[in-house]
Amino acid sequence: MSIQTIEDTKVKAFPTPAKPAEVIAFTARARRRFDPLVIAGRLASALVPPVIVITLMLIVWQVACSSPTSSLPPPSQVWNEAYDLIAHPFFNNGPQDIGLAWRVLISLQRVAIGFGLAAIAGVALGALVGQSIWAMRGLDPVFQILRTVPPLAWLPLSLAAFRDSSPSALFVIFITSIWPIIINTAVGVRNIPQDYRNVARILRLNQFEFFVKIMVPAAAPYIFTGLRIGIGLSWLAIVAAEMLTGGVGIGFFIWDAWNSSRLPDIIVALAYIGVTGFCLDRLVAGLGAFVTRGATAK
Amino acid sequence: MTAYLKLDHIDKSFARGSQVSEVLKDIRLTIDKGEFVSIIGHSGCGKSTLLNLIAGLTKVSAGAVLLEDKEVDSPGPERAVVFQNHSLLPWLTVYENINLAVSKVFGRTKSKAERHDWIMRNLDLVQMAHARDKRPAEISGGMKQRVGIARALAMEPKILLLDEPFGALDALTRAHLQDAVMDIHSRLGSTTIMITHDVDEAVLLSDRIVMMTNGPAATIGEVLAVPLARPRRRVELSSDRTFLRCREAVLKFLYERHRFVEAAE
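Line by line, the protein sequences give chains A and B. The first sequence maps to residues 1 to 298 in our numbering. The second sequence maps to residues 1 to 265 in our numbering.
No lab work stands behind these hints, which were simulated from the structure alone. Certain hints may be false.
[To be verified] If you anchor each label on the Cβ, the simulated ranges turn out as follows:
1. B:GLY189 with A:ASN206: 25 to 35 Å
2. B:GLU248 with A:ARG204: 36 to 46 Å
3. B:LYS33 with A:ALA121: 44 to 54 Å
4. B:ALA62 with A:ASP281: 53 to 63 Å
5. B:ARG16 with A:ARG204: 24 to 34 Å
6. B:GLU114 with A:ASN206: 18 to 28 Å
No residue lacks a Cβ here, since even glycine has one placed at the ideal position from N, Cα and C.
Please work from the sequences and hints to get the whole structure.
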């Protein structure tokens with residue numbers, strides 16, 4: 001085969017020497033600048049509005065509750081009467097007289113165990129339901145019904161089954177937080193692109209390798225959505241469960257305070273619970289963002 | 001001598017409820033070792049289905065795919081696929097993506113250091129060693145496809161299957177990658193089957209071009225041998241008489257004898 005050359009004076013082509021393939025694109029990485037003024041401005045814009053709102057709320061609350069006949073204490077009274085609780089979260093004066101931070105930690109410990117078990121079981125069950133059409137057909141209706149049962153409705157049954165308040169509280173946390181984990185994991189697994197499955201099939205990954213190397217990372221954004229909802233629910237459940245089961249958790253503290261009419265203490269405890277719940281949510285969200293970095297990008 | 005890869009009277013039909021649609025009918029083709037074969041046809045003619053059958057990702061309805069006289073009916077690394085949309089795992093770096101394949105295929109036969117060398121050799125082959133620690137989202141489409149090719153080559157496949165590998169790329173990047181594939185083919189002599197809808201690409205790269213008729217029940221209409229010497233240079237070939245004649249033959253097949261008619265519902 002001879003290469004034909006065309007004699008054409010009008011068209012002139014200059015063949016460039018064959019080059020090795022070049023880098024086609026560089027990803028530009030913008031350097032972040034640390035300008036103290038800009039940072040201060042951002043901080044102010046993030047902090048000033050909530051501070052204003054909270055101040056206004058406190059003023060309204062103070063005005064509304066300052067009459068002597070008011071059934072709820074105003075913020076000034078909360079501050080005066082519950083000062084010990086606010087200022088010393090870590091005091092320890094014996095088995096039932098401990099600071100609120102200790103109580104929160106005890107409740108958190110319960111949540112950690114119950115939620116940890118729910119996370120493991122939930123991801124495993126969710127993977128099964130997402131992967132197998134028959135498991136889904138069989139289990140999904142059951143999940144859909146059970147997940148609507150309120151946390152505390154499980155408590156009598158678990159008290160009867162475990163005959164002890166502590167495992168019952170754990171069970172309530174487990175059963176409350178597992179549903180969103182199962183359902184979100186299943187959706188995530190069902191949404192794994194066929195291409196990734198094909199890659200796994202060509203490499204002949206076994207079930208375990210597929211689970212660890214493809215399924216979990218591919219479904220991670222969904223799994224973490226489920227975990228985030230789950231941890232919120234388990235924090236809701238623990239406070240309610242502790243009110244009924246007793247012990248030294250933050251939930252029982254509220255119940256105890258109510259029984260001895262210490263309303264300011266209850267209000268302080270509510271603030272603790274809210275802040276802790278917020279931190280838990282942010283913790284799981286942050287963990288999710290860290291673990292799934294890159295996983296969602298195409 | 002028996003053929004390296006033999007497609008023996010393959011039929012493929014998909015059943016949806018009671019409706020059965022016949023996609024491929026009586027596909028017969030033999031491919032020799034080291035050959036570069038393109039499969040070309042209008043969209044919807046079942047090219048990709050045919051590739052999936054060879055890969056084992058889809059099962060044949062009748063007939064058989066024989067690789068070295070052994071029937072294949074499930075996917076495996078000896079028939080590596082380069083997917084149209086690269087299919088790199090986004091949570092792994094370029095190196096880790098290839099390592100996933102290499103440690104699975106050579107986990108028992110190669111030591112860790114040997115596997116590392118093998119990964120780097122394949123990355124060098126597609127000139128992507130510089131991006132080994134990047135994630136797929138951080139590199140361009142052409143680079144992703146290079147990594148996809150490196151991953152497939154790293155499995156040391158008996159047959160390399162390319163599923164419209166350059167379809168999603170711009171024309172210049174595509175030309176770069178075609179040259180890279182030609183270069184790799186000449187160096188490794190890998191048996192390659194490529195799905196394409198680009199006539200120039202098919203003529204430039206292939207030893208033979210398999211032209212598919214339109215579906216339903218598509219089959220091989222014609223097989224054209226491309227008698228061009230290698231190495232081939234695209235610029236010189238653009239005025240080569242043999243090249244132009246091959247190109248014309250494919251164009252005539254696609255646009256005169258088997259014109260694409262939108263299926264009327």
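Hint check:
no.: 1; hint: B:GLY189 with A:ASN206: 25 to 35 Å; verdict: holds, 32 Å
no.: 2; hint: B:GLU248 with A:ARG204: 36 to 46 Å; verdict: holds, 43 Å
no.: 3; hint: B:LYS33 with A:ALA121: 44 to 54 Å; verdict: holds, 52 Å
no.: 4; hint: B:ALA62 with A:ASP281: 53 to 63 Å; verdict: holds, 57 Å
no.: 5; hint: B:ARG16 with A:ARG204: 24 to 34 Å; verdict: holds, 29 Å
no.: 6; hint: B:GLU114 with A:ASN206: 18 to 28 Å; verdict: holds, 23 Å
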